[in-house]
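Q: Spelled out from the first residue to the last, the chains are:
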Amino acid sequence: EESVSGSASSYVDNSYLFLIGGIIVMLMAAGFCMLEAGLVRSKNAAMQSTKNVALYSIAGLMFWVIGYNIAYPGAWIGGDEGLKFFGMPAMDAFFWAGGDLSVESDAGYAPASDWFFQMVFVATAASIVSGTVAERVKLWPFLIFTAVLTAVIYPVVVSWEWGAGFLDTKWAFSDFAGSTLVHSVGGWAALVGAIIIGPRAGKYFGKQVHPMPGSNIPLAALGTFLLWFGWFGFNGASQLAAGTAADINSVAQIFANTNMAAVGGVLAAMITTAVLYKGKIDATMVFNGAIGGLVSITAEPLMPSMGQAVLIGGVGGILVVLAVPLLDKFKIDDVVGAIPAHLVCGIWGTMIVPATHGAAFMPNEAGDPNFIGQLVGVGVTGIFVVAASTVVWMLLKLTMGVRCSLEAEEMGLDKAEIGLEAYPEFTSG
Amino acid sequence: EESVSGSASSYVDNSYLFLIGGIIVMLMAAGFCMLEAGLVRSKNAAMQSTKNVALYSIAGLMFWVIGYNIAYPGAWIGGDEGLKFFGMPAMDAFFWAGGDLSVESDAGYAPASDWFFQMVFVATAASIVSGTVAERVKLWPFLIFTAVLTAVIYPVVVSWEWGAGFLDTKWAFSDFAGSTLVHSVGGWAALVGAIIIGPRAGKYFGKQVHPMPGSNIPLAALGTFLLWFGWFGFNGASQLAAGTAADINSVAQIFANTNMAAVGGVLAAMITTAVLYKGKIDATMVFNGAIGGLVSITAEPLMPSMGQAVLIGGVGGILVVLAVPLLDKFKIDDVVGAIPAHLVCGIWGTMIVPATHGAAFMPNEAGDPNFIGQLVGVGVTGIFVVAASTVVWMLLKLTMGVRCSLEAEEMGLDKAEIGLEAYPEFTSG
Amino acid sequence: EESVSGSASSYVDNSYLFLIGGIIVMLMAAGFCMLEAGLVRSKNAAMQSTKNVALYSIAGLMFWVIGYNIAYPGAWIGGDEGLKFFGMPAMDAFFWAGGDLSVESDAGYAPASDWFFQMVFVATAASIVSGTVAERVKLWPFLIFTAVLTAVIYPVVVSWEWGAGFLDTKWAFSDFAGSTLVHSVGGWAALVGAIIIGPRAGKYFGKQVHPMPGSNIPLAALGTFLLWFGWFGFNGASQLAAGTAADINSVAQIFANTNMAAVGGVLAAMITTAVLYKGKIDATMVFNGAIGGLVSITAEPLMPSMGQAVLIGGVGGILVVLAVPLLDKFKIDDVVGAIPAHLVCGIWGTMIVPATHGAAFMPNEAGDPNFIGQLVGVGVTGIFVVAASTVVWMLLKLTMGVRCSLEAEEMGLDKAEIGLEAYPEFTSG
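Chains as they are written, first to last, in my numbering: chain A, 1010 to 1438; chain B, 1010 to 1438; chain C, 1010 to 1438.
No wet-lab data here; the hints were simulated from the structure. Check each hint, because a few of them may be wrong.
Just a few of them, taken from the derived set where beta-carbon distance is under 7 Å, the chain A residues facing chain B [unchecked claim]: (1) 1018; (2) 1022; (3) 1051; (4) 1224; (5) 1234; (6) 1264; (7) 1315.
Chain B regions said to be covered by chain C (calculated; three or more residues, Cβ under 8 Å) [what the hints assert, rightly or not]: (8) 1062-1073; (9) 1246-1254.
The beta-carbon is built from N, C-alpha and C at its ideal position, and this holds for glycine as well.
Based on the provided sequences and hints, a complete structural model is requested.
A: Right, dumping it as structure tokens:
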């Protein structure tokens, strides 16, 4: 029987963390799919389901061909350092030849396990956009936007921080699992998309907001639970190591804090809506409260105590409830409420990080997270993603168009673009 | 590269067991949600979904603030032993300050991993109640009951056994993963709730039982599969350690037995209903048969052979089929069949434990599980939970009322209490 | 504190792989259930859900009583070698007595973890049949076929290869995780069933094909994601070991390749249907494209580079799109498209294996995978499963009948055979 050295054991533990964390996060793709399919009207539910399968696929392809090497320059195994930008080495090393699997990587974990774990993160960013622009965006332009987002926009932002770029080295920007890097990136891209594409037909009449209720609330609840479940992988495996007592203690603390932040988000959203709406709670706000709480803790799920996690998530839940009508006021039509949950709470979660790290105001010698650094990170991410998304959405609008015809919108995208209905027997439509 | 000692490896393995087991059990919350949303009528399906998200949140909050310290007096990390009751040390140690994560806990696993794993158990107990009292209980009284159940009632019972209390030390009561401590606790609370709240309007006319079929059977099937999946974490990680060959062998045996008990439950329910109903099997009985089988093996999933597991689960499946009409006879309206599956099978599973442990009748010097000890455990649990639940439900009834108005019940709780419908386009309601 | 030797650590890691992989694959049962419940008409959706719960149960029972010992002769722990065939030792060792759990098995992993992992594979094969013959097969004959498939037919084929039989030793047949052994076995059995049972009433009029659209596309999307998720366990844990750097590197590579093959299948199906159907993509083809891609990489998920995985999966996606109308041409009514995805792609995936292994043509001294060996494996599997399935389906047809009455088919199997409807409030049926 083979003997395993301590380091091999740690190597296995670390890789397991990425792999198990990765597939758990992969299930978030199903979570987004269910949440969105449940919150659109039935005439668009098959299209929304199809888009979610397609975007997860495109994210994986693009992040492999180009994105990973932009995000982590020099991080890819094997190959020539100088060629590692813009996908060429990925093509070289992985298109026709796999790596040598018999040796331990110096990184301390299986290289492909890291790639896999990073890939499911980019898919998450893409999923956020999908829900906001649902029910009126055309399929192919949406998929092209997804390709650019996952190949370039997201990876560039990630390179600034997790890729050891200037946000990390100059500003001590801190974003443990991606409140800004993943969630606000997706949120900014969604916001720009919602503005450029415009609201659904009939959503706004003057100052009136016409409610367009989701067609399948139990599916939305399922989506919420699947996202919550996936978040344990999202935050927990972002500890990046599990082979020592200190690391696994940290992973455990992250699990507990992640759960408590979602708890805070749910309860805050329940109480806030009960107060605002005279005792009636709003089910979709409760679901988005959970997500808002989860996004809020994602920038720092390790340092807070469990009580602080409840509060951080709770503020996230309140922000969701307040931001939804605010978007409507500006006639920004976010079908599933992704902008409040991912963008607003992503900013909140990022800005509160220094509070559990000594509350430094400026970048300092110790390299501690600080409010200015967080603000810079949030700001440059916002500016870049808004600019890049505007260019891409506008180019798409000017060339192939981003919005389906009014006829298609009224008929529903299921019939118009994919030729089958989500529930052919349940509706007279 | 860091070297890891054997004990660190075991520490990591044990903690992994809790964390992975924990999130798998967390997915049971989604399973209960789908099962219940599928088995209520469509006019209550959004409410039922919302309740399940809310109860999972409340269970987590209350078990952290109070419950864990009641259940495991002295078990909390850090802090002053004398203050560890009723949540104060939890407040102290975890509300504003996290523990020291850099050291191995003497317990042999990451402390927060244990908390997390225990927390998802209490959520399970709360989920059981939710299904039984569906379609007529008011939201807020239900949530308050959930808070008391998870903060006090469940933890007190757990303290008697897993917290090294009198059932463990005096009676050698044995309940590996909670047939009694989790499932019958939830079941008793549900039973009392069903009696105090009363049956749904129109359910019983004299001796006639009016069927109120579930609105979405595929969701109920999904819920069943998710519960089955989650049970591998529920029973498997209750081995509490995985760092040695003996421990992982045991976890593996538990997985196999857990599966076979569910298999027994399914097949027994199928055959029994086919015999009773002239060849037609009853789908919801089959689903509850799986759950009944799983509950039955939960008190002892390790010692039985796989064949014994099939039989133990099979009896559970039969009990489910027999208990459902019995409840109807007493006009106890259990919407999803949770009382047969969790309470009746929980008692059965607990009482059969000694049969695979040498079949001792009385408590003995060896400390083996014995029938009298099991009976005492089942009995005191029942008496305490019935008494406590009666007090809480009655207080709620006398103060805020526990039951929605007849108008609300007819309209459906979706419209009445949360202001949106589960399926606005599928029903004319 | 207990010290753990390196080999114990490896033993734990290996067993964890089987157990976690196993439950992930178990969730594929839920995936098949959702896919099939979503793709049948609503009048058969409760029946389809029930069948999936039942078949998973029967597969587990039969593989334990008989199948495992046929598949792996001599592999069962304990007991007399000479009696290990046809279930007797399983009865002996496991019906009334469990194994000794305190010792490390020489196999290097917990014995029950291997049994569990193998069991969920046989359930997969059975699930494939279920979807194809949906909406007109009678419940009990279907379940009896499932019992024979999982007790005998599948295990015999497995014994030829994974049980170290002639395909392994004489032909160097290579099928890493079961493109042929699992997926084409299920596919052949489904094909024979579809032919013997005949198409649904009204499906074919002369050369016209009457579309019978699925009733719940979001559930089918959920099923696709759950299958995709489960496949990481299916392929990843088929590495069979995870205790060394080389092994975990391989598991990681398998995860990445498995994902990329599904990506290829999705995108190829999207593009192909968009081209064939004038810009409209076909949602169910996209879902089956993912599955086809996954089946295609299952015979060899380790050796290909990620680029090759995309191509192998992509061809699978195209094959799915082309095979569906081909079946219709022959009036073979495959309700969910399981034959294209599992049988056609299973053959494709198996035949392409040598291309990533040195592309040997004939069996050779090095024992490399070779095209002739693969052809023999595919061929004998096909011949045996077709012959055996024909005998079983015909015996069932001649004795109890395999097809429900035309009245039952028109009424729907939900009402006819299980006495409740899947969605009683959504349809006027």
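Q: Against this structure, judge whether each hint is valid.
A: Hint by hint, here is what the structure shows:
no. : hint      : verdict
1   : 1018      : holds, 5 Å
2   : 1022      : holds, 5 Å
3   : 1051      : holds, 5 Å
4   : 1224      : holds, 5 Å
5   : 1234      : holds, 4 Å
6   : 1264      : holds, 5 Å
7   : 1315      : holds, 4 Å
8   : 1062-1073 : violated (count 0)
9   : 1246-1254 : holds (count 4)
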